[in-house]
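A.B. asks: Top to bottom, those sequences are chains S and H. Under this note's numbering, residues 1 to 289 are what the first sequence spells out, in order. Under this note's numbering, residues 1 to 398 are what the second sequence spells out, in order.
For the record, the hints were derived by calculation from the structure and aren't laboratory data. All figures in this text were calculated on a predicted structure; none of them were measured in a lab. Hints may be right or wrong, so weigh each one.
When the alpha-carbon atoms are kept at most 35 angstroms apart in a straight line, the in silico DSBU-like pairs for lysine-lysine are as follows [stated by the list, open to error]:
no.: 1; chain 1: S; residue 1: 277; chain 2: H; residue 2: 303
no.: 2; chain 1: S; residue 1: 235; chain 2: S; residue 2: 118
no.: 3; chain 1: H; residue 1: 303; chain 2: H; residue 2: 203
no.: 4; chain 1: S; residue 1: 118; chain 2: H; residue 2: 110
no.: 5; chain 1: H; residue 1: 110; chain 2: S; residue 2: 80
These are the residues of each chain, in order.
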Amino acid sequence: MTTIESATAITADLPREKTRIIPKRWWAHLFLLAACFIIGLPLFYAMLVATQTNSQVFNYQFTPGDSLAYNWNIVMNQNKLGNYMVNSVFVAVMVTIGKTVLSLLAGLAFIYFRFPGKWILFFFVLLTLMMPTEILVIALFRFVNALGMGNTYQALIIPFIASATGAFLFRQHFANIPAEFSEAAQLDGATPLQFLYKVLVPMSWNTIGALAVIQFVYVWNMYLWPVLIMQGPEKQVVQVGLRTLIGGDIAVSYGPMMLGAVIATIPPLIVFIALQKQFMSGFALTRDK
Amino acid sequence: MDPIIPILVVALSALAGAGLLALIFRQSARTMTVAALTGAMAGAAGGLLFMLPLNFCTFEAERSSLDFSFGIVLIVLGVLIAVLLVRWLLSALFSGRQLFSSEHTPGAFKHGWLAYFFLAPTIVILLLFLYYPAIDTFGLSTQLVKLGIPRTAFVCVSNFTSLVGDPKYLQAVGVTILMSVAIVVFSLGIALTIAMVAYLPVKGARIYRTFLIWPYAISPVVAGIIFLLIFNPLAGIFNHFYQAVFGVAIPWLNNPAYAPWAVIIASVWKSLGFNILFYIAGLQNVPGDLVEAAAIDGANAWKRFWSVVFPMLSPITFFLIITNTTYAVFETFGTIDTLTSGGPLGSTTTLMYRIYDVGFTNRDLGKAAAQSIVLFILVIGFTLLQFRTTAKRVTYGA
């Protein structure tokens, strides 16, 4: 191709790119903007009301109100939502870490060891996928109270740190890692735990991230179990703590209620958005399987 | 109770087990004999599966005829479970397949016993906090147990049989089915529509996706609280606009006809993100050349979707139907508790909410345990039905 030809090719392309005011597939952009807007609407409205007084809410004021500081005071100082938030963060982080560690160990055992009863144990773990905690809540409630763990953080953490989903995911992931890695590690004299820590974990960040998002959001959103097992407000989680903001029919004030709801949504939202990429690829939601 | 009854139950279930398995493996005399013999043992064990823990109480004279029939159903169920298990074992055995094939493990570490150490924490926790409560639920379901009272009394199967003809329980079944079907249909339908556009390689696709799927992080409780405001009879923003346009307000939270839909709308909003995410991923895995080939063959967009794209999405649709049903049955609890508290007139009391009501508001743990078992069987039954009806139509892989 001569220089003149390529030059004209470039100049022929450039203006078209620059003058295109309506983007390609404008209808898709329009549709997606509308979809994002409608999906976002309930939360936007909650954020708006979070800044308003009740009379501003009842007047359908669509500009930010002047009551944010007042509402903040009710939420944080009168209803101690901060305390609930700290409890929830603690419980969610502990369960997420515990589940990740136990699932990694289970995946390691199922893929890198030969031992009698392997398939029965795997089936034993897998079968728990069919036992939702909600179904067992009556018996679990009695058992945990009988252990003397009622109204403790342990009651919110320990029953949830073993995970069939996690063990299964890591097992699948490790099964796709070529055996050469573990053979090389053994030649270098690495122990299984060193192999896990130095080789497997660095190769598994996507799966770990995906599992972390699921577990964190799951534990953060847990409601029925903490309602049952926790008595006082000191160690209660934020989802239950929000109930104190709903109150009776007459005394409802919507500003603090919505502010609480918005605040309680921030941590899982941060975790989800921060680990979004890992979440997508960790679940083999991309082409490579 | 007549002492002959246990012998009769064992004899009849052994006979049934032997007969059924002999019928299944009738292809040769050898397999038939083996099947009949193991079937007799399995049948006897199956007949005793529920009757031994219950101590044959359904046959006692003072039990109602409903209890008696329920006992018969339990025996039949036990025999069927045992027969199916043996059938699976035998067909594996006869075909020469190894049951628990110890798969070749390349790169395995020495000292296999170390694996038990790595698995121990998981196994111990699952045993204590899942398996033990699961078994205990069965035990509790035969007892009169009141919350906070240590004394219990054996009540045979009356916690189950009292559900028959209980109008409140039947209503809860109806509410649960309505909510599950509506949430699955609307959430998957809307999510697929949005994903069809969102997966296109437009500019800023990643940003759009983030703004479409974030409600995954919203909790059922927060969804309930936000829609409590939106559908509020006094200050609700929905009716503010609806009334301006149509002149009437919809009594979302006060009318039994609308209240379930308030819960459904809040739940669909909350679950949409998850479904969009999985559909986008599914659409990205549809090979483009397949769609192009269909286009060259002259299929229009609508036809291309239904005959090429949608079948390729069937594994994801199948997965999403199961997860969304589970969500609708169990996780809507938080939304219902904040939005409607099960009312008005029980119109939003799902089976899960009813378990909570019976067990902790009415303090009747035995009844609640029995209802938990029924709900578990319903959910498992639905999942198996899904497997049977869709498995044939599901297309796996590209």
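A.B. asks: Take the C-alpha atoms of residue 118(S) and residue 110(H), compute the straight-line distance between them, and say whether it is at most 35 angstroms.
C.D. replies: Roughly 15 angstroms between the alpha carbons, so the hint for residue 118(S) and residue 110(H) holds.
A.B. asks: Run the distance test for residue 277(S) versus residue 303(H): straight-line Cα separation, threshold 35 angstroms.
C.D. replies: holds (33 angstroms)
A.B. asks: Residue 235(S) and residue 118(S): Cα distance at most 35 angstroms?
C.D. replies: The given pair, whose Cα atoms are some 39 angstroms apart, is violated under the 35 angstroms limit.
A.B. asks: Quickly compare the C-alpha distance for residue 110(H) and residue 80(S) to 35 angstroms and report which way the hint goes.
C.D. replies: violated (54 angstroms)
A.B. asks: Hinted pair, alpha-carbon criterion (35 angstroms max): residue 303(H), residue 203(H). Please report holds or violated.
C.D. replies: holds (27 angstroms)
Checked against the numbered hints given earlier, this structure breaks hints 2, 5; the rest are met.
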